[in-house]
Amino acid sequence: MGNVIALSKIGISVLGASDPNDFIFHSSYNTFKIIIEGDVTDTIPALGSKTIQVAHGLPFIPLVTAFALENGKAWAFPPNSPNITGTFPRIGYLKTGIVFNYISADEDYIYFNFDNTGVANKDVTVKFYCLEAI
Amino acid sequence: MKVALSKPTYPVIGETDPRNLIFSTEYGTLKYEAKSSIILTLEAGFFGDSISFTHNLGYVPFVEVYMENPVGDYEYCPVNGSGATVLWSSTFRVTTTQIIFSVESTGFFNDTDFTFLFFIFKNDTDLI
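Those sequence lines, one after another, are chains R and L.
Numbering that gives the first Met the number 0 puts the first residue of the first sequence at 0, with every later residue one more than the last.
Numbering that gives the first Met the number 0 puts the first residue of the second sequence at 0, with every later residue one more than the last.
By construction, these hints were calculated from the structure, which means they are not laboratory data.
Just so we're clear, the structure is a prediction, and the values are computed from it rather than from any experiment.
Here a beta-carbon is modelled for each residue, glycine too, at the ideal position from N, C-alpha and C.
Some clues are possibly wrong.
[What the hints assert, rightly or not] Label-pair restraints from in silico Cβ distances:
{"id": "1", "chain 1": "R", "residue 1": "G71", "chain 2": "L", "residue 2": "T53", "range": "20 to 26 angstroms"}
{"id": "2", "chain 1": "L", "residue 1": "G27", "chain 2": "R", "residue 2": "P19", "range": "16 to 22 angstroms"}
{"id": "3", "chain 1": "L", "residue 1": "I127", "chain 2": "R", "residue 2": "Y28", "range": "30 to 36 angstroms"}
{"id": "4", "chain 1": "L", "residue 1": "E14", "chain 2": "R", "residue 2": "A45", "range": "47 to 53 angstroms"}
{"id": "5", "chain 1": "R", "residue 1": "D105", "chain 2": "L", "residue 2": "G27", "range": "21 to 27 angstroms"}
{"id": "6", "chain 1": "R", "residue 1": "A45", "chain 2": "L", "residue 2": "I127", "range": "21 to 27 angstroms"}
{"id": "7", "chain 1": "R", "residue 1": "T42", "chain 2": "L", "residue 2": "L116", "range": "31 to 37 angstroms"}
{"id": "8", "chain 1": "R", "residue 1": "G37", "chain 2": "L", "residue 2": "G82", "range": "16 to 22 angstroms"}
{"id": "9", "chain 1": "R", "residue 1": "S48", "chain 2": "L", "residue 2": "G82", "range": "27 to 33 angstroms"}
{"id": "10", "chain 1": "L", "residue 1": "G71", "chain 2": "R", "residue 2": "N20", "range": "19 to 25 angstroms"}
{"id": "11", "chain 1": "R", "residue 1": "L6", "chain 2": "L", "residue 2": "G44", "range": "46 to 52 angstroms"}
{"id": "12", "chain 1": "R", "residue 1": "V13", "chain 2": "L", "residue 2": "D110", "range": "41 to 47 angstroms"}
{"id": "13", "chain 1": "R", "residue 1": "A73", "chain 2": "L", "residue 2": "E14", "range": "38 to 44 angstroms"}
{"id": "14", "chain 1": "L", "residue 1": "T53", "chain 2": "R", "residue 2": "L46", "range": "32 to 38 angstroms"}
With the rest of the complex left out, here is chain R (with noise of 0.2 angstroms):
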C-alpha cells in the first residue's frame, strides 16, 4: 500500500480507522469534486413545455444535478418531481402547475425538461452543478 492522506472525524484515530465513513478525506477515494457550478432563468411556456439547454464545455458527458426555483416562490425543488405549494390529506398534492420531468446530458450540453400545466408563462430559475464524468 502506498502513502496516504487521510483526515478522520473528530473523536476516530485517524491511524486505527478503516470505515471510509470515519474520515472526513482519504486519498484511496475519490471525491465529488464540482467541475462546474451555474444558474439558467427561462420561460416554460402556458399549457406547454421546454427543454432548456445549456453547453457544458467539458470534454466529458458530466454527472448533473439541479434545482428549480419557480420565479416568486419561496422553496427550491428537485427534479422528477412537481412543484407543490402544499399537501392535504383529502386532496393530496396542491400543485403549480410547474412540473420539473428530467435532467439530461451528452457531450455538448445539459437539458433541463420542465412541463407548464398553468394558463400563464412561468419563468424557473435552475441552479446545476456537474460533479463528474459520468
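Assemble the complex: chain R is given as a structure, and chain L must be docked to it using the hints.
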C-alpha cells in the same frame, strides 16, 4: 498555489483533467452539514401529508434525500411507487429555513410510515 492529489498512475504535476484527480483545490466539494431522518405517518385513507425539518441555515442548501418505501427499500427521492392496490409518490422542497417532505397516495388501508433519510450540505444553491 494549489493542492492536488491524482489518482494512481497519473502524475499530479501538470494534470488538469478532473477525471484523473482525487482532489484539487481548483474545484469545490460538497461539504456536509448534517445527516438525519424524519418519519411521516400517512394516516389510513389520507391522500397526502407533509412533514418538515428545520435547518435554519438562512439560505437554500444543497440536499440529498432518500425515502424508505412501504416495502422497506430506500429509493432516491422524488419517488413514484405502487403496490397491489395503491400508488404513492414523495417529493420535497427546500426553503431558507426548512426542508418540507411530502407524500401523496391513493390511500392506504392502514396508517403507513414513510421514512425520509436526508443529507444537508453547507453548499448554498444561491437560488434565493
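So which of the earlier hints does this model not fit?
Of the numbered hints given earlier, the structure breaks just one, which is hint 8.
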